[in-house]
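Enquirer: Sequence:
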Amino acid sequence: MEYYSIGELCSITKGSTGIMKAVPGPYPLVTTGPDRKSSSDYEFDDEAVCIPLVSSTGHGHKSLNYIHYQSGKFALGTILAAVIPKDTSVLSAEYLQRYLFFFKDQLVVSLMKGAANVSLAVRDIAKIQVPVPPISKQKEFIELFNKAENGKLSLLHENQNQFAYLTKLRQAILQEAIEGTLTADWRKENPVRKGDPDYDAEALLEKIQAEKEKLIKEGNIKKQKPLAPIKLEEVPFDLPEGWIWTRLGEVGFINPRNYIDENLEVSFTPMPLVSAKFGVKPQFEIRKWSQVKNGFTHFAENDVAIAKITPCFENSKAGVFKQLKNRYGAGTTELHVLRPIVVLSDYIYINIKTTAFLDEGAKLMTGAVGQRRVPVDYFSNHLIPLPPIAEQQAIVDRVEKLLSMVDELEDQVSERKEQSEQLMQAVLREAFEGGK
10 MEYYSIGELC
20 SITKGSTGIM
30 KAVPGPYPLV
40 TTGPDRKSSS
50 DYEFDDEAVC
60 IPLVSSTGHG
70 HKSLNYIHYQ
80 SGKFALGTIL
90 AAVIPKDTSV
100 LSAEYLQRYL
110 FFFKDQLVVS
120 LMKGAANVSL
130 AVRDIAKIQV
140 PVPPISKQKE
150 FIELFNKAEN
160 GKLSLLHENQ
170 NQFAYLTKLR
180 QAILQEAIEG
190 TLTADWRKEN
200 PVRKGDPDYD
210 AEALLEKIQA
220 EKEKLIKEGN
230 IKKQKPLAPI
240 KLEEVPFDLP
250 EGWIWTRLGE
260 VGFINPRNYI
270 DENLEVSFTP
280 MPLVSAKFGV
290 KPQFEIRKWS
300 QVKNGFTHFA
310 ENDVAIAKIT
320 PCFENSKAGV
330 FKQLKNRYGA
340 GTTELHVLRP
350 IVVLSDYIYI
360 NIKTTAFLDE
370 GAKLMTGAVG
380 QRRVPVDYFS
390 NHLIPLPPIA
400 EQQAIVDRVE
410 KLLSMVDELE
420 DQVSERKEQS
430 EQLMQAVLRE
440 AFEGGK
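If you number the sequence shown the way our numbering does, the last residue is 445 and the count never jumps.
Just so you know, these hints were derived from the structure itself, not from any lab. From a predicted model like this one, the values you see are computed outputs, not experimental measurements. From the three backbone atoms N, C-alpha and C, an ideal C-beta is built for every residue, glycine too. Check each hint, because a few of them may be wrong.
[Said to hold, decoys possible] Taking lysine to any residue and the SDA-like style, the derived pairs with C-alpha atoms no more than 25 angstroms apart in a straight line are:
1) Lys-148 - Gly-81
2) Lys-223 - Tyr-208
3) Lys-372 - His-391
4) Lys-302 - Leu-333
5) Lys-410 - Ala-365
6) Lys-410 - Leu-248
7) Lys-95 - Ser-20
8) Lys-95 - His-70
9) Lys-146 - Asp-55
10) Lys-240 - Glu-188
11) Lys-156 - Gln-431
[Unchecked claim] Derived DEER-like restraints, expressed as beta-carbon distance ranges:
12) Pro-33 - Lys-331: 54 to 60 angstroms
13) Val-378 - Gly-34: 28 to 34 angstroms
14) Lys-234 - Ser-65: 44 to 50 angstroms
15) Val-378 - Ser-47: 24 to 30 angstroms
16) Pro-33 - Pro-238: 57 to 63 angstroms
17) Leu-418 - Glu-227: 45 to 51 angstroms
18) Leu-162 - Glu-250: 48 to 54 angstroms
19) Lys-372 - Arg-425: 35 to 41 angstroms
Whole structure, please, built from the sequences with the hints as guidance.
Expert: Here you go:
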């Protein structure tokens with residue numbers, strides 16, 4: 010089977026219709042998305058392969074979601090190119106589209122360039138090599154591609170269902186953790202011991218309050234405004250014996266400030282270094298404290314943070330700061346920070362990763378579109394179920410174990426998906442190789 014470059018067999022023309030400015034009309038307007046828009050005018054009257062010239066995701070990431078086939082009179086967006094066979098008795102546009110789309114990651118996406126604005130050059134499209142069997146064989150391959158694509162879509166749907174189930178399983182684990190379900194057996198073996206903060210949450214809360222007062226008197230932390238008493242109608246569910254309801258602001262200090270040596274090297278964390286994945290601690294760069302003490306959010310070892318701006322909050326960008334340089338740091342202003350007193354940071358983290366916390370916070374966001382933020386009052390006033398210290402550790406251990414099992418299941422699903430796609434591509438490649 011002969012291979013030819015696209016430039017040898019096709020003309021390549023960039024579209025000239027502004028997608029946002031196009032006047033609706035009777036002609037299809039091909040865009041980078043899955044659906045056609047319409048246009049009052051047309052540029053082409055032919056069979057063509059329409060290839061986007063920009064990344065589907067942008068921001069320095071190479072990707073291409075769609076390569077379209079279009080026939081008849083149509084308009085084309087300015088960020089796409091129409092590849093039109095010069096001789097349809099030699100090369101079918103429909104065959105070319107199926108081939109390029111199925112092997113787009115290897116043949117097309119790999120040619121994209123750019124640091125921030127990733128794009129594809131027409132001259133690079135022209136260099137792509139494609140196999141060109143007789144037209145009768147091309148029609149057979151179109152049918153083969155269609156069957157493979159249908160199989161791929163079916164597999165994708167199955168994988169999406171599996172990932173959706175695992176996402177729900179993750180959230181169920183977190184919710185059961187804060188409701189005490191995961192540690193029901195632990196409590197049977199470790200009954201409440203009144204007055205002991207390790208086994209009695211009331212005693213723990215008293216210890217927290219005493220420690221906060223001490224830190225305030227010593228001048229280490231500024232006193233914060235008192236929080237409203239908890240009303241019965243606020244409580245979302247019943248707690249196990251030995252637990253107590255409290256507010257986030259009662260178990261620590263919200264958005265504390267650091268007062269340390271200006272020449273001290275500390276950690277610096279911009280938003281891209283805060284992960285949405287559970288259990289991944291924020292990463293950091295090293296800076297002098299004098300460089301970052303003003304105009305940034307302060308944090309310290311074991312502080313808990315969550316993004317406050319959309320869409321980072323809804324995506325659950327959060328973490329516990331650990332292994333910081335000299336135990337202190339600063340970072341993006343788009344964080345709310347809690348410095349826990351006595352309570353385990355990892356337990357607080359479990360609470361702010363629940364769907365309930367995120368959904369409730371999203372409803373209370375304020376500000377202009379694209380700049381909406383969760384108010385600090387939501388963070389400080391949010392109710393959390395407080396177990397005693399020993400049970401907090403048991404909960405953290407149990408959650409880590411269960412979620413690691415979910416991680417393994419997700420890896421298996423991803424591996425099966427990749428293997429199946431590789432198998433389908435191997436079958437198609439074998440079909441071409443067999444035709445040589």
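Enquirer: Would you say the C-beta atoms of Val-378 and Gly-34 sit inside 28 to 34 angstroms of each other?
Expert: Hint holds: Cβ distance 30 angstroms, inside 28 to 34 angstroms.
Enquirer: Please work out if Lys-95 and Ser-20 have their alpha carbons no farther apart than 25 angstroms.
Expert: Cα-Cα ~7 angstroms, so holds.
Enquirer: That 35 to 41 angstroms hint for Lys-372 and Arg-425 (C-beta), does it hold up?
Expert: holds (37 angstroms)
Enquirer: Taking 25 angstroms as the top limit, are the C-alpha atoms of Lys-240 and Glu-188 close enough?
Expert: Holds, because 19 angstroms separates the two Cα atoms, which is no more than 25 angstroms.
Enquirer: So the hint says 57 to 63 angstroms: do the beta-carbon atoms of Pro-33 and Pro-238 match that?
Expert: Once the Cβ atoms are compared, 58 angstroms apart, the range 57 to 63 angstroms for Pro-238 and Pro-33 holds.
Enquirer: Given the hint that Lys-410 pairs with Ala-365, does the C-alpha gap stay at or below 25 angstroms?
Expert: holds (22 angstroms)
Enquirer: Can the restraint linking Lys-146 and Asp-55 be considered satisfied, given a maximum Cα separation of 25 angstroms?
Expert: holds (22 angstroms)
Enquirer: Does Lys-156 pair with Gln-431 here, judged by a C-alpha cut-off of 25 angstroms?
Expert: OK: Lys-156 and Gln-431 at ~15 angstroms, within 25 angstroms.
Enquirer: For the pair Lys-234 and Ser-65, does the Cβ-Cβ distance stay inside 44 to 50 angstroms?
Expert: Because 47 angstroms falls inside the window, the suggested range holds.
Enquirer: Is 54 to 60 angstroms a correct range for the gap between the Cβ atoms of Pro-33 and Lys-331?
Expert: Check passed, 55 angstroms falls within 54 to 60 angstroms.
Enquirer: Starting from Lys-95, check that the Cα of His-70 is at most 25 angstroms away, please.
Expert: Since the Cα atoms of Lys-95 and His-70 sit roughly 33 angstroms apart, the hinted pair is violated (cutoff 25 angstroms).
Enquirer: What's the verdict on Lys-410 and Leu-248, does the C-alpha distance respect the 25 angstroms limit or exceed it?
Expert: Within the cut-off at roughly 23 angstroms; holds.
In this structure, only the earlier hint numbered 8 is contradicted, and the remaining ones agree with it.
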